[in-house]
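Peer 1: Each residue of the sequence shown is one higher than the last, beginning at 0 in numbering that gives the first Met the number 0.
Think of the hints as simulated: they come from the structure by calculation, not from any bench. Please note that the accuracy of each hint is not assured.
Quick list of in silico lysine-lysine cross-link-like pairs, DSS-like style, CA-CA up to 30 Å [claimed, not checked]: (1) 180 <-> 109; (2) 18 <-> 126; (3) 109 <-> 18; (4) 109 <-> 126; (5) 109 <-> 22; (6) 126 <-> 113; (7) 180 <-> 22; (8) 15 <-> 180; (9) 126 <-> 15; (10) 180 <-> 113; (11) 180 <-> 18; (12) 15 <-> 109; (13) 113 <-> 134; (14) 180 <-> 134; (15) 109 <-> 134; (16) 113 <-> 15.
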Amino acid sequence: MDNGGQWTHREWRVLKYLKVDTKIIPNTTPADDIDADGLVLSGGTPRIGSDELKLGSTGELLDSLDIPILGICAGFQMMILHHGGNVGPAELPEYGQVEVVVDDEDHILKGVEKRFIAWESHNDEVKSLPDGFVKLAHSENTPFQAVRHTSRPLFGLQFHPEVEHTQHGETMFRNFVELCK
Numbered sequence: 000m001d002n003g004g005q006w007t008h009r010e011w012r013v014l015k016y017l018k019v020d021t022k023i024i025p026n027t028t029p030a031d032d033i034d035a036d037g038l039v040l041s042g043g044t045p046r047i048g049s050d051e052l053k054l055g056s057t058g059e060l061l062d063s064l065d066i067p068i069l070g071i072c073a074g075f076q077m078m079i080l081h082h083g084g085n086v087g088p089a090e091l092p093e094y095g096q097v098e099v100v101v102d103d104e105d106h107i108l109k110g111v112e113k114r115f116i117a118w119e120s121h122n123d124e125v126k127s128l129p130d131g132f133v134k135l136a137h138s139e140n141t142p143f144q145a146v147r148h149t150s151r152p153l154f155g156l157q158f159h160p161e162v163e164h165t166q167h168g169e170t171m172f173r174n175f176v177e178l179c180k
């Protein structure tokens with residue numbers, strides 16, 4: 000789902016490379032129009048907390064779809080905000096390479112090194128998780144780099160796994176695709 004992110008086409012390309020039948024859809028697409036085994040909520044330009052209306056039907060999709068959903072950057076932040084967590088301006092916005100530390104390998108980070116380099120591009124960050132979500136990874140300046148829901152197949156990544164600067168990005172996408180089967 001395209002939230003206006005600069006790398007939405009890279010997400011699509013990684014999935015195509017993994018032989019996934021995929022397409023980019025606008026973020027105004029109603030849940031009834033989605034016939035998919037999984038959904039990626041792309042990053043985007045909206046500032047969560049002030050521009051979430053620019054994220055279209057994301058809330059409706061999170062409430063009504065019973066498929067694996069992966070939120071990346073702004074898509075992840077909207078997922079957390081929609082479920083009652085807190086999102087706000089980062090004390091230290093991150094741009095470029097950051098070392099991510101895995102706290103819990105879980106599904107999405109399976110097979111990823113305990114410390115890896117990821118590419119960041121964010122002004123906002125998740126400040127606290129809502130009930131039902133657990134932290135999977137953090138970095139020096141960002142407490143929630145990766146999360147998952149404890150009973151639903153919802154996953155969030157603050158960093159961008161679709162760019163070549165992120166180590167193991169393809170592995171994370173492959174792990175997500177496995178969940179969608």
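Peer 1: Now tell me if each hint is right for this structure.
Peer 2: Quick rundown of the hints versus the structure:
1. For the hint pairing residue 180 with residue 109, the CA-to-CA distance comes to about 16 Å; that is within 30 Å, so the pair holds.
2. A hinted pair counts as satisfied when its Cα atoms are at most 30 Å apart, and residue 18 with residue 126 does not qualify at roughly 36 Å.
3. Between residue 109 and residue 18, the direct Cα distance comes to roughly 20 Å. Compliance with the 30 Å bound is thereby established for this hinted pair.
4. With a C-alpha separation of about 25 Å, the suggested pairing of residue 109 with residue 126 holds against the 30 Å cut-off.
5. A distance of roughly 25 Å separates the Cα atoms of residue 109 and residue 22; the hinted pair therefore holds under the 30 Å criterion.
6. Proposed proximity of residue 126 and residue 113 is supported: the alpha carbons are some 23 Å apart, at most 30 Å.
7. For the hint linking residue 180 to residue 22, the alpha-carbon distance of about 17 Å falls within 30 Å, and the restraint holds.
8. Between residue 15 and residue 180 the CA atoms are separated by roughly 16 Å; this keeps the pair inside 30 Å, and the hint holds.
9. About 33 Å separates the Cα atoms of residue 126 and residue 15, which puts this hinted pair outside 30 Å; it is violated.
10. In summary, the hint linking residue 180 to residue 113 is supported, as the alpha carbons are separated by about 26 Å, within the 30 Å threshold.
11. Distance check on the hinted pair: residue 180 and residue 18 sit about 13 Å apart at the alpha-carbon level, within 30 Å; holds.
12. Our distance criterion of 30 Å between C-alpha atoms is met by residue 15 and residue 109, whose separation comes to about 21 Å.
13. Between the alpha carbons of residue 113 and residue 134 the distance comes to roughly 14 Å, so the proposed pair stays at or under 30 Å and holds.
14. With a C-alpha separation of about 24 Å, the suggested pairing of residue 180 with residue 134 holds against the 30 Å cut-off.
15. For the hint linking residue 109 to residue 134, the alpha-carbon distance of about 14 Å falls within 30 Å, and the restraint holds.
16. Distance hint between residue 113 and residue 15 is fulfilled; the C-alpha atoms sit about 27 Å from each other, no more than 30 Å.
Comparing the model with each numbered hint stated earlier shows that hints 2, 9 do not hold.
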